[in-house]
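**Student:** For reference, the chains in residue letters:
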Amino acid sequence: MEPVTGNKGGELMSGDKIYALLEDIVGSENVSGELHTLQGYSCDPTTNPPSLPDYVVIATTVEQIQKLVRLANRERIPVVPVVGMSNNGGLTIPVEGGITIDLHKMNRIIEINEDIGYAIVEPGVTIGQIDAELKKRGYWVSLPVGPPGSAGLVPGYILHGYGHLGGKFGINSEQITGMEVVLPDGELVRLGGCAVSPYWFHRTPIPDLMGLILGWQGSTGIVTKLGINIYPRPKFKAMIGWGMFTTHEEPLPENCARFLIELGRADVTYDISGHTWGAVQIGRGLKYPLSPKPQEEPELYFSATTYAYTEEELAVKKKIIENLVQEAINSGLPIATTDVTERAKVEMPTKYALKYSDHRGGGGLDYIGSITPVINWPQGIRRLNEVFDKYDFTSYIRLSIYRGTLQGMMRAIMPYNRGDENDVEAVRKMARETVQVILDCGGLIYKAPSFACEEMWKRGDPNFLKLLKEVKQTFDPNKIMNPGRLGL
Amino acid sequence: MPICPAGERFGFDEYYSRGKAIIAQNLLDGKLSWSQSLADVIYKCTMCGACTEQCPVAYKDYILKVFEALREECVDRSLMPPSVKKFFENIYLYSNPWRELREKRGEWAKDTGVRQYQPGDEYLYYVGCIGSYDERGNHIAHALGEILLNSGISFGILGSEENCDGNEVKLLGEEGLFEMLATENIKKFRELGVKKVVTLSPHGYNVMKNEYPRYGGSFEVEHYTQLLRELIRSGKIAISKGLNVRVTYHDPCFLGRYNGEYDAPREILQSIPGIELVEMERNRENSFCCGGGSGNFYTDFLHGGENSPGRIRVREACDTGAQILAVACPSCMTMLEDALKEEDLGEKLIVKDIAEIVNDALS
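Protein sequences, first through last, are from chains A and B. Quick note, in this note's numbering, the first sequence goes up one by one and the last residue is 566. Quick note, in this note's numbering, the second sequence goes up one by one and the last residue is 364.
Simulated from the structure, these hints should not be mistaken for lab results. Check before you lean on any hint, since a few could be wrong.
[Stated by the list, open to error] Chain A is faced by these chain B residues, among others (derived, beta-carbon under 7 Å):
#1 G12
#2 I24
#3 G153
[Unchecked claim] Calculated from the model, a selection of chain B residues having no Cβ within reach of chain A, i.e. all distances over 10 Å:
#4 P3
#5 K87
#6 K189
#7 K197
#8 S219
#9 D320
#10 T321
#11 E344
C-beta: ideal position from N, C-alpha, C; glycine also.
Bound-form chain A, shown alone (with noise of 0.2 Å):
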């Protein structure tokens, strides 16, 4: 497809005027409109279609930013921030045009407060940046699992994505402290405590406005600072892993799913995540299309993560998680401990999504992630598996609970070849089926396409998705952030 372009406002001023101003606000180093830079900013790995911005700036304050969004609100241009390029799911592709705001400048790490446990970054902050500074200091945060080391951090929170340790302290957004926003008519505004206290701790107990920016694909905001929850950073480091021996057909039955409910209510694991057997073999580098699984290999490997500060306290989580994994051998669930010996030795950031968008060739990587309870898990892993067979693609599953509850992230990956249409009009009707095992299972979408979004509201209350719009429309009547998202 075309890629599509043009402002799609109202009364504009000519495009040269408008250059003209946007280098008075961020100079005129950081401006382009030049076709090879637009280009490379109108498009992601998935396969959502791309589209031009007119224009692209470089932001490195506060004030350029509140500039922007203003001049943007009177022409009447959409606005898109970006950061590290490297979002999979279409978020930061401009569908109207307008002016992208490339934010990966804006990156100091602005506080690390030790005494009272946060941090505050700026939208430029990389996950491998922060995790340097705080690894010196002996602290670390839930990192973004997947996203390469100069992937941005703040996006991987705000729009409620899992980090590595997920399993302790949940969804990378219930880490978020504080945060300073510049809304769609240019005015900054701080959000959680760190409006009325100096200090970014907390959320509560002031009636707690984040949800107007979380999880709204940068079409409420624009987040200018973050803060997080830090926290120390064990020495020690166990993990334990096990297949299920089960089939393609039926690979994860309900009492495996329970099992792994009682595992994560055990509240000793930072991380419980599993893939399907073709997962595996893609991250070791094999290619489309594989070898049938040999019998004596699991359908799904699963593995549980703990952390510890001294060796007794790890040495006393490691047997829970051990014999809990015994317990359910002896009662007769197909499963059996596997080798987790070169796993345990990867440190966090991985750059694994990456390296799996080759496996068919064309470094195309699409990606359909939900919250779903673990209960339905079964129902959804076995469809998503027909999903992947109708289309003869790997079934490459990624699963993790999160907080030892009872829910956690469902998610499809498909690498595919971006130069074979077959392949991308496959995985667009996969990215589709998909959504709808996932809502089917009760499930809710991850940084959903606007086609996604537009199937939950198809299925929720209409009243939420009314209340959706409202805010939309408070907060951005003339529709320049980031338009197109959320199918409002």
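Since the structure of chain A is provided, determine the placement of chain B on it from the hints.
**Tutor:** For chain B alone, coordinates are given in the frame of chain A:
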């Protein structure tokens, strides 16, 4: 930490590896046309290889080849920037980028004991353009010459008969000129019976080791730090003078990432009594390029502003508390010394080549 020098300097996605790959794809798909402004972007890359080092996908080894191919297209279409065109002309006419006379190439060695290479000498000491013509480069060339004389090995230089090695010419996309330089050099070496070459610059080392063989070059080639390490280990160079100084070492791209040599320079530094070697955060395969590669020490595309790679790097060096920033490349020396002046850090840090440091430590 950020790893792309052009990306840090200019910021837009097209200056990073991802952006250039998209440019290449769009050119092939007919969605982008060749233009001067496009060529300017393509040339603003030092070819440092950091993106290849970081990339996890199977086709990562093709990344730099794609960038080189883009430049070859620019040359074919006469779209290279004027300074690149001038670079090629000067190399072709004078065998150096500054239009200096050939007969002056060996003048740095006058009044030293370094003599012309004679058949039968164990090593040809290949100096390169910066070492031969740049004043600061001369000092490094001189220091290494002293060390080699001290070691007792037999060696000589080509002096005015030395030609440009062609590393930057190749990276800038002039394959024809590179082939001419390579074949002429190989012919000269063969005529003289050269079996071993030791280079001052990692750029010369890289191209002679990795590219000359396909033109028939069959001689051993080492970067001087590799030879120096062996000379120290074997006792042919005796270092007895302590220096009592904190040093940080900058890995040059064409010695480190391109050729995997990270240890020889460090071993040399650590063999000098009193040196405390501290590492910058970005070291070894994660070293942050000084900005001089791919001819940029001449074309200077990445210069300007506090985001120029050289300035970023000297700030990083300063953060280690080191008093000396050690380099093993005349191009790095040029870029980092200039950056030090621009950062006004001259009182906190000096840049020295390993050859100079070792020479200081010789009894």
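**Student:** Find the nearest Cβ of chain A to the Cβ of P3/B and say whether that gap is larger than 10 Å.
**Tutor:** The assertion about P3/B is violated, with a minimum of 8 Å to chain A.
**Student:** Just checking, K87/B versus chain A, shortest CB gap more than 10 Å?
**Tutor:** 24 Å, holds
**Student:** With d taken as the least Cβ-Cβ distance between T321/B and chain A, does d exceed 10 Å?
**Tutor:** Holds, since 14 Å exceeds 10 Å.
**Student:** Hey, does S219/B actually stay past 10 Å from chain A on C-beta?
**Tutor:** 35 Å, holds
**Student:** Is the Cβ of E344/B farther than 10 Å from every Cβ of chain A?
**Tutor:** Check passes; 19 Å lies beyond 10 Å.
**Student:** Interface hint check: G153/B, Cβ to nearest Cβ on chain A, cutoff 7 Å. Holds or violated?
**Tutor:** Violated, because the Cβ-Cβ distance from G153/B to chain A comes to roughly 46 Å (cut-off 7 Å).
**Student:** For the hint on I24/B, does the least C-beta distance to chain A fall short of 7 Å?
**Tutor:** 6 Å, holds
**Student:** Grab the minimum beta-carbon distance between K189/B and chain A and tell me whether it stays above 10 Å.
**Tutor:** 42 Å, holds
**Student:** Using Cβ atoms and 10 Å as the threshold, tell me whether K197/B really stays out of contact range of chain A.
**Tutor:** The claim stands: K197/B keeps its Cβ more than 10 Å from every Cβ of chain A (closest is about 39 Å).
**Student:** Per the CB criterion, is G12/B less than 7 Å away from chain A?
**Tutor:** This hint holds: G12/B lies near chain A, its Cβ roughly 5 Å from the closest one there, short of 7 Å.
**Student:** Take a quick look at D320/B and tell me if its Cβ sits farther than 10 Å from every Cβ on chain A, holds or violated.
**Tutor:** D320/B clear of chain A: closest Cβ-Cβ about 12 Å, beyond 10 Å.
Hint compliance for this structure: hints 3 and 4 are broken, all remaining hints hold.
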